[in-house]
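Asker: Below are the chains, spelled out letter by letter.
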Amino acid sequence: MATLEIHDLHVSVEAENGAREILKGVDLTVKQGETHAIMGPNGSGKSTLAYSLAGHPKYTITGGTVTLDGEDVLEMSVDERARAGVFLAMQYPVEVPGVSVSNFLRTSATAIRGEAPKLRTWVKEVKSAMEQLQMDPAFAERNVNEGFSGGEKKRHEILQLELLQPKIAILDETDSGLDVDALRIVSEGVNRVRETGEVGTLLITHYTRILRYIKPDFVHVFANGRIAESGGAELADQLENEGYDKYVKGGATA
Amino acid sequence: MAEAQNIPAGSTTAGAIAVAAESTVATRMSAPPSFDVADFPVPHGREEEWRFTPLARLKGLHDGTAVANGTMKAQIDAPEGVTVESVERGDERIGKAGTPVDRVAAQAFSSFAKATVVTVPKETVLDEPIRVALHGEGGTTFGHTVFDVKPFAEAIIVIDHTGDGVRAANVDILVGDGAKVTFVSVQDWDDTAVHTSQHNALIGRDASFKSVVVTFGGDLVRLHPRVTYAGPGGEAEMLGLYFTDAGQHQEHRLLVTHDAPHCKSNVVYKGALQGQDAHAVWIGDVLIEKSAEGTDTYEMNRNLVLTDGARVDSVPNLEIETGEIVGAGHASATGRFDDEQLFYLQARGIPADEARRLVVRGFFAELVQQIGVDDIEERLIAKIEAELQGSV
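Chains Y and S supply the protein sequences, listed in that same order. Numbering-wise, the first sequence is residues 1 to 254 according to the numbering used here. Numbering-wise, the second sequence is residues 1 to 392 according to the numbering used here.
Looking at chain Y on its own, in the form it has when it is part of the complex (with noise of 0.2 Å):
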């Protein structure tokens, strides 16, 4: 079964007066079939948390350890993370002119999967795969996110995890940005994925909205660099009632 542990991770970036630290000391065990919600006030470093486990350079690792099923993630680069079975949905995702989301699709396949995938089948998976996610066909000859709209976007990064199914997927701010019927669409998307038993979900949110949606088994609280509080589902409605005023007190950043 796989597992993402994540145990004293320090995280930090280059700021004007130096390196400044944003995660402080994480710990979390994320289990293929679990999904864990991670929630918190705007600047506590959950997106942070996000870029640093699918390995983006502009974050420093500065202690603790990253491992998926043992190996370590922590040295890895960012396309053997992702072919170790880590994917990360991004909140904005950027255009790649000049590439169209079919060729795109298809050579992340390929690196993911090892080889490239039937033609035949391929072609039948993406579509129906855009067609559950009520994406217009005529989306796979666009450049990827070029002229996108926040909502095609997000579908789109919903579109990538259902064709590379991943060990563990973490989805960062996905439903920022999307009316009601776009955040049902995209929830029913990683509900599907989830439904395999398959992935282990790191369901980063500012808001409980989602949730409604997308049943966590667990629910963290994120402030000041660190997991404050952990508990079950009831945590996010304690949270939807007492906002998040109870962890930024107290010295946190918010």
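It is possible that some hints are incorrect.
To be verified - Derived coverage of chain Y by chain S (criterion: at least 3 residues anywhere in the stretch with Cβ under 8 Å from a Cβ of chain S; other residues may be distant):
#	stretch
1	51-65
2	73-80
3	100-107
Claimed, not checked - Some chain S residues well away from chain Y (every beta-carbon gap over 12 Å; in silico):
#	residue
4	Ser30
5	Asp36
6	Asn69
7	Lys73
8	Pro79
9	Gly139
10	Glu340
11	Lys383
To be verified - On the chain S side, residues computed to face chain Y include the following (Cβ under 7 Å):
#	residue
12	Ala113
13	Gln341
14	Tyr344
15	Gln346
16	Ala347
17	Arg348
18	Pro351
19	Gly362
20	Phe363
Simulated from the structure, these hints should not be mistaken for laboratory data. Using N, Cα and C, we set each Cβ at its ideal position, and we do this for glycine too.
Fit chain S to the given chain Y structure using the hints.
Answerer: The following block gives chain S in isolation, referenced to the frame of chain Y:
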């Protein structure tokens, strides 16, 4: 493509659309066009037409010190029906398509020994390209070639430059009424070569002309692809593709002069740059004269900067002397393949070198498909792959 905010430091992407009674395209040159090199002052580098060019690397082509002391191996494969002549200076076909516009082009004109004239007779439709292979074997050479494609003939012409040397040579392309010509010039030189050339196309009534300029090699390459119209209804398509590596200077200076009514022109140049001091210059001038009613023109330059240390100067310029046109526009953009794009592709399992290849292939793909000469398209794709291999 990412627009202005992505222009690397030190680059310019200036552009202008001027509606003027008198052309500044002509007046901002230091001297009017002439066949005589003595009519041009020796450039000092601050002139508008020389300000991007490293004069010291021209090997004396600009100041009269270059002497013809080199060898250029030439091979011409012409399909049946095509005549190839070596003619003396003074032949009336030489220079008919255009006059040298700068000192280097005039130097080439003043210095060639004999010109080559390739003629495609009237109504002859060639099913094989005319191929001119020029292989430099060192030293300085001058030349002049005229392609005279008679009315209603159809031809594909490929000039292929390889090897080393300093080469100053102009090319005239006479496109007869109703003729259809594709002219391809490949600059696949060794990295030490210097090449300057003015391509003059004179497009006949209802004729169509496609120019394809492909520049990969050379220490310094400076080309002037130019088009004028001999009658109404002509169409010009000018495609260009360059891949500028560390230390290379590749400059393409285009001028389309719309001097006849109801003509079209479409210019698309795309370049990728990589490595320290890779420098690409693109000047795209389009002039719509008062007589050129019904003109339809568009020009575009796109650059993709793959590494730090490269520089692009891209200057589109459109001058319109009549309002009675169908359309006129231009676009220029320089984008970077940046760390965020690389991260995104890598985060989907794609290794860094493969990611770069994906982006560059995509950038050029559409343009390559428009060339319409199979072996050139294949060679181009192979060449782009080789350039990318070199970068990793």
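Asker: The structure should be examined with respect to each hint, and the outcome stated for every one.
Answerer: Consistency of the hints with the structure:
no.	hint	result
1	51-65	holds (count 4)
2	73-80	holds (count 3)
3	100-107	holds (count 4)
4	Ser30	holds, 38 Å
5	Asp36	holds, 46 Å
6	Asn69	holds, 44 Å
7	Lys73	holds, 38 Å
8	Pro79	holds, 36 Å
9	Gly139	holds, 40 Å
10	Glu340	violated, 5 Å
11	Lys383	holds, 17 Å
12	Ala113	violated, 45 Å
13	Gln341	holds, 5 Å
14	Tyr344	holds, 5 Å
15	Gln346	holds, 4 Å
16	Ala347	holds, 5 Å
17	Arg348	holds, 4 Å
18	Pro351	holds, 5 Å
19	Gly362	holds, 3 Å
20	Phe363	holds, 4 Å
Hints 10 and 12 from the earlier list are contradicted by this structure; the remaining hints agree with it.
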